[in-house]
Amino acid sequence: MSEHIVIVGGGTGGTVLANRLADKLGAEIDSGDVQVTMVTDSQDHVYKPIWLYVPFGKKDPADARRPVAELVDRRVDITYDRVTGIDTDDKQLSLADGPAMAYDHLTLAMGVELVPDEVPGLKEGGHHFYGEDGATELRDAMAEFTEGHLVLSVIGVPHMCPAAPVEFVLMADDWLRKRGVRDDVEITYTYPIQRAHGIQSVADWATEEFEEKDINVQTFFNADEVDPEEKVLHSMEGKELDYDLLVGIPPHTGSELVTEAGLGDGGWVDVDKHTLEATAAEDVYAIGDVADVPTSKAGSVAHYEAGTVADRIASKVRGQVPTATYEGKTVCFIEAGMDEATFVEFAYGNEPTVRPASTPVHWAKLGYNESYWLTARGLL
Amino acid sequence: MSETMEPDITVDSRGATCPGPLMDLIGKVKQSDPGTVIELQTSDDSSKSDVPDWLDEAGHNLLEVVDQGDYWSVYVETA
Chain A
1 MSEHIVIVGG
11 GTGGTVLANR
21 LADKLGAEID
31 SGDVQVTMVT
41 DSQDHVYKPI
51 WLYVPFGKKD
61 PADARRPVAE
71 LVDRRVDITY
81 DRVTGIDTDD
91 KQLSLADGPA
101 MAYDHLTLAM
111 GVELVPDEVP
121 GLKEGGHHFY
131 GEDGATELRD
141 AMAEFTEGHL
151 VLSVIGVPHM
161 CPAAPVEFVL
171 MADDWLRKRG
181 VRDDVEITYT
191 YPIQRAHGIQ
201 SVADWATEEF
211 EEKDINVQTF
221 FNADEVDPEE
231 KVLHSMEGKE
241 LDYDLLVGIP
251 PHTGSELVTE
261 AGLGDGGWVD
271 VDKHTLEATA
281 AEDVYAIGDV
291 ADVPTSKAGS
301 VAHYEAGTVA
311 DRIASKVRGQ
321 VPTATYEGKT
331 VCFIEAGMDE
341 ATFVEFAYGN
351 EPTVRPASTP
361 VHWAKLGYNE
371 SYWLTARGLL
Chain B
381 MSETMEPDIT
391 VDSRGATCPG
401 PLMDLIGKVK
411 QSDPGTVIEL
421 QTSDDSSKSD
431 VPDWLDEAGH
441 NLLEVVDQGD
451 YWSVYVETA
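If you read the protein sequences in the order shown, they are chains A and B.
The numbering of the first sequence is our numbering, which starts it at 1 and goes up by one.
The numbering of the second sequence is our numbering, which starts it at 381 and goes up by one.
Among the clues, some could well be false.
[Stated by the list, open to error] A few chain A residues that don't get close to chain B, going by computed Cβ distances all over 12 angstroms:
hint : residue
1    : Tyr80
2    : Glu186
3    : Arg195
4    : Phe221
5    : Ser235
6    : Asp292
[To be verified] Among chain A residues calculated to face chain B with C-beta under 7 angstroms, some are:
hint : residue
7    : Val157
8    : Cys161
9    : Ile193
10   : Gly198
11   : Gln218
12   : Asn222
13   : Glu237
14   : Leu241
15   : Pro294
In case anyone wonders, no lab produced these hints; they're calculated from the structure.
From a predicted model like this one, the values you see are computed outputs, not experimental measurements.
We put the CB at the ideal spot given by N, CA and C, even for glycine.
The shape of chain A in the complex, shown without the other chains (with noise of 0.2 angstroms):
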């Protein structure tokens, strides 16, 4: 009887899982000894970060697309199916259009969903860049816009890519002036606690840069009301802001699937921050951006995450005892305009340092982004 080993989510994190399992149980699969299986309700794997290039126009959608079976180890069983329960107690998940899948060992990769609908009048009044549709409407809005009050309001927290709305404001602040255009907009940027991101070394270096480059900043401003009408947006706090063109974040939620199996609330997944085993349920582990786990919702994040898990399963499948663990490694690049960039790297307890901006970071972002498709194929 081979011992079953079951991904849910094909984004980065468990497409790398799938890969790096395939790479260390290659001869356990082979025989027979152990399956893997990913579940995944979309055909095609997504590289999020390519969405914060196109409302500048400098990458389309299908950037970020690759078929998940190209990416995939071939030895890994995809299943093309959507969860609708989890049942830790059996050990079993139950599927849209197929039969239930027994695991022995399931790894929650699912991500998150943006909710705007938790703020009235947001999807009406407000664009955002975290999704393909949003990315391209939003290159539309951003092409025809050339004066007035850009507003981008960071709505709830946490959220994936936390630095992206620092880089999308920097970035429009640029693009804007090499359109020659700048001194007709005015640029605000919000976030909902009382400093300009939630690592204060972020936080800081952004409020120096937006000082510099003439970008309001509005703390304490937890947005809870558009009206699209009358184009303002309102706050928690009784603040209110007047838009022409406004970028909103949304609201991003866990998975309902994991709130009804009794893995968290709020649909994140609480696991040990070291293992990523779940606390509720044996055998089970969660990474990336639906695990609750205290760093950014990145995907570097889930990247390592995923290293840590194979090892662990590995471990576990061999009767050997785990040892590898997940320390809270976090590497992000922060575009700081159209063509510099500075990056961050931190752990559990680190606070980051942010070094000036520069071009060949710039760069080397961009070179990461080609060379990505080797991450997920878990060679990178």
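Position chain B against the provided structure of chain A, taking the given hints into account.
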């Protein structure tokens, strides 16, 4: 006061780092009616300053902060 205080809602943010506890509280306040008493449980030291600062900004009431040993209970009443 806290010995007799019965919150309407308890938000357990123990283990979360800044700004997690504050954002958990903001999320609950958003969903609550005026007059709701919320207990925020936090083990993050910075919550003791950033939560009162936000309450001031948003016009809600800080009732009490109780040291529970390995975490703090921050009691809030929504306005």
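Against the structure, the hints come out as follows:
no. : hint   : result
1   : Tyr80  : 34 angstroms, holds
2   : Glu186 : 23 angstroms, holds
3   : Arg195 : 9 angstroms, violated
4   : Phe221 : 9 angstroms, violated
5   : Ser235 : 9 angstroms, violated
6   : Asp292 : 8 angstroms, violated
7   : Val157 : 5 angstroms, holds
8   : Cys161 : 16 angstroms, violated
9   : Ile193 : 4 angstroms, holds
10  : Gly198 : 5 angstroms, holds
11  : Gln218 : 11 angstroms, violated
12  : Asn222 : 6 angstroms, holds
13  : Glu237 : 5 angstroms, holds
14  : Leu241 : 15 angstroms, violated
15  : Pro294 : 5 angstroms, holds
Consistency with the previously given hints fails for numbers 3, 4, 5, 6, 8, 11, 14, ordered from lowest to highest.
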